[in-house]
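Asker: Spelled out from the first residue to the last, the chains are:
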Amino acid sequence: MSIQTFMQHMVNGISLGSLYALLAIGYTMVYGILRLINFAHGDIFMIGTYIAFYAMTAFFLPWWAAFALALVLTAIFGILVERLAYRPLRNSPRISIMISAIGASFLIENLGIVVFGGRPKAFPIAPVFAKIFNFGGVTMVSVQLIIPVVTLVFLAMLVYIVNHTKTGMAMRAVSKDYEAARLMGIDVDVIITFTFGIGSLLAALGGVLWGLKYPQLIPLMGMMPGLKCFIAAVVGGIGSIKGAVVGGFILGLGEILIVALLPSLTGFRDAFAFVLLIVILLVKPSGLMGKTTTEKV
Amino acid sequence: MKKNTRKNIMTLIALVLFIGFLTIADRIFDSYQMRIINLAGIYVTLGLGLNLINGFTGLFSLGHAGFMAVGAYTSAILTMSPELKQMNFFLKPIVPMFANVEWPFFPALIMAGVMAAIAGALIGAPVLRLNDDYLAIATLGFGEIIRIIFTNTQTLTNGALGLKGLPNFTNVYWSWGTAVIMVIVMVLLIKSSYGRAFKAIRENEIAAEAMGVSLFKHKMMSFVLGSFMAGVGGALLGHLMGTIDPLMFRFLMTFNIVLIVVLGGIGSITGTVISAVVVTVMLEVLRFLDGSMDFGFIQIEGIPGMRMVVFSALLMIVILFYQRGLMGTNEFRWEWVTNPKETIATAWKNRKA
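Residue numbers (this note's numbering), protein chains in the order written: chain A, 7 to 303; chain B, 7 to 359.
Just chain A, with the same shape it has in the complex (with noise of 0.2 Å):
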């Protein structure tokens, strides 16, 4: 393989890792302060999309203001979700959230079947997305390059308001302990909305962006990649920003070279992500940079 060919493989990758982490980054913030698999994240993402997709072609938004309603309005979606299927639960056992949460998701894409009708939509791709650049032998085009560009833009966004004010002060003492958060004069239920607000948000991005890169939209697309990124989250260490990130990439970097390096391999690009699960969870469960935690009796 010669070098362009594999910087080719390495520009995709790089774009799929990205959007894999910023949809991991919902579910690591969400198991971090409840404990619970939000099964519903990757069905967020597609209602995101979807938005992005009826604001630009039936209400004739430009893109920048279709994809910032989308961003608005999924994180509402999110939060609606979080007070439905989650917040009622709260105090039950895991197994029966963990059912809400199935439920929740089914329940999301058997109404997008509905809503939005089984065939799929293409997504509308403004000019400035579909740039070709060539860099000596290379070929980018300018959405390979805006996705990582936005991803760490909001990603240092991020970073800031979990480490630097008051709130992420707040959601990093939740999911630190819940209980004692709480008797620290925390308004717990505030936080976990936004929580769930900013994970949509983040989800959202992911969605607009996925739909500039494969502009074929259905129902059932938050299916595999929902999935896939909560494995990124796992594999990354659950309930840190960073991990997300870390496994989004490794994720996404791993199934494109997986279909670069071994093309045999190539039907197996989705069984990846759940071989790299099984791996990590036997050798160590806590992930690449999550903190192991001890269970008390």
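There may be inaccurate statements among the hints.
[Claimed, not checked] Below, simulated DSBU-like cross-link-like pairs (lysine-lysine); rule was C-alpha separation at most 35 Å, straight line:
1. A:Lys182 x B:Lys223
2. A:Lys290 x B:Lys170
3. B:Lys98 x B:Lys205
4. B:Lys205 x A:Lys290
[To be verified] Here are a few chain B residues that sit away from chain A, every Cβ distance over 12 Å (derived from the structure):
5. Ser37
6. Val107
7. Glu108
8. Pro113
9. Met117
10. Ala127
11. Ala166
12. Tyr200
13. Gly201
14. His224
15. Thr249
16. Ile280
17. Leu332
18. Ile350
In case anyone wonders, no lab produced these hints; they're calculated from the structure. Because the structure is a prediction, the values reported are computed rather than measured. Where a beta carbon is used, it is the ideal one built from N, C-alpha and C, also for glycine.
Based on these hints, arrange chain B on the given structure of chain A.
Answerer: Chain B in isolation, oriented as in the chain A frame:
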């Protein structure tokens, strides 16, 4: 002692009546209705398998569809005639080892269960050490891996094309016969010391271990047995449908079975049996939601997919407002029939507890 004899006789009578019903049903119902009855029986088997793992042992497994796929493919490959195999595998021929195999249904069915159980053991050994959330996602992952492997092994499973023209062995006697045997096995198992160990693990793992219950052994046993049932159920399903392909065994299949278990009551055999029948029948009855409706004076355009919306909403409602499901962890007792007044009174008294 005498009371027990009476109960056993009543159970026996119920069984005979049930077999009588099936025989008559087989004669008078058309093939579409029989298909639903068969499907209900198969879902009883599948639901019991998942309930054993999820409900009685408290391991949240989401890989049921994968084990069903193993069972369905095993039995399909073993029972299809050599000519049929040649017709199916037109892209690449089947591996010579299985090209001329043609087993009767019963051993193939057992083999389907055994292969699924082996898959369950292989997967369970590493995965069952994980706790609830991770276990769920890992089993889900394995279920998907099995499906992806089957999509890619062209010479063994015919890949994405699937297998067509499976012999239609499944009839009411097979589907409900298996279901009845599984119910009996489950009842005996849950009443035994193993069943008590399973429940102890479900209630509190650490306490169970402190009382001398071997966690790994019992988890493994429940998981392998549940996988066996999934394999048998999958094989029966394959021989009922006549065709199988990897897409059939997506997560959606697991979701249907989770739905049955949750609606019936997590940890109740009776609940699973009732809800398997109800859900199967409802899935068919509610098909009208997908088509257009005509009330004479008003016509409603059908919306494809509405049926599944109703089902996912139903699951959400049950889990949000009535987590016990239909039966909670209660089981059917003959006292309900012999002494209905007292049963209702006790139920009323315990309704809050």
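Asker: Hint by hint, note whether the structure agrees.
Answerer: Verification of the hints:
Between Lys182 of chain A and Lys223 of chain B the alpha-carbon distance is near 34 Å, which keeps this suggested pair within the 35 Å criterion. A threshold of 35 Å between alpha carbons decides the hint, and for Lys290 of chain A with Lys170 of chain B the separation of about 43 Å lies outside it, so the pair is violated. Taking the CA atoms of Lys98 of chain B and Lys205 of chain B, the gap is near 48 Å; set against the 35 Å cutoff, the hint is violated. With a C-alpha separation of about 29 Å, the suggested pairing of Lys205 of chain B with Lys290 of chain A holds against the 35 Å cut-off.
Residue-level check passed: Ser37 of chain B sits 29 Å from the nearest beta carbon of chain A, beyond 12 Å. The claim that Val107 of chain B lies off the interface holds: its Cβ sits roughly 26 Å from the closest Cβ of chain A, which is beyond the 12 Å cut-off. No Cβ of chain A approaches the Cβ of Glu108 of chain B within 12 Å, the least distance being about 29 Å, so the stated non-interface status holds. With a least beta-carbon separation of about 31 Å from chain A, Pro113 of chain B lies farther than 12 Å from that chain, consistent with its non-interface assignment.
Under the 12 Å C-beta cut-off, the non-interface status given to Met117 of chain B relative to chain A holds; the minimum distance is some 25 Å. Distance to chain A confirms Ala127 of chain B as a non-interface residue, since its nearest Cβ pair spans about 15 Å, more than 12 Å. At the 12 Å boundary, the C-beta of Ala166 of chain B falls inside the reach of chain A, the nearest C-beta of that chain being 9 Å off. Once the 12 Å rule is applied to beta carbons, Tyr200 of chain B is consistent with being away from chain A; the minimum gap is 21 Å.
Distance check for Gly201 of chain B against chain A: the nearest CB is about 19 Å away, which clears 12 Å, and the non-interface claim stands. At roughly 18 Å, the least C-beta separation between His224 of chain B and chain A is larger than 12 Å, which holds for a residue marked as non-interface. Separation of Thr249 of chain B from chain A is adequate, the least Cβ-Cβ distance of about 21 Å exceeding the 12 Å criterion. Look at Ile280 of chain B: its CB is around 19 Å from the nearest CB on chain A, clear of 12 Å, so calling it non-interface holds up.
Interface exclusion of Leu332 of chain B from chain A stands, the closest Cβ pair being 15 Å apart, more than 12 Å. Remark: the non-interface label on Ile350 of chain B is consistent with the geometry, its nearest Cβ contact in chain A lying 27 Å away (cut-off 12 Å).
Hint check: violations occur at hints 2, 3 and 11; the rest are consistent with the structure.
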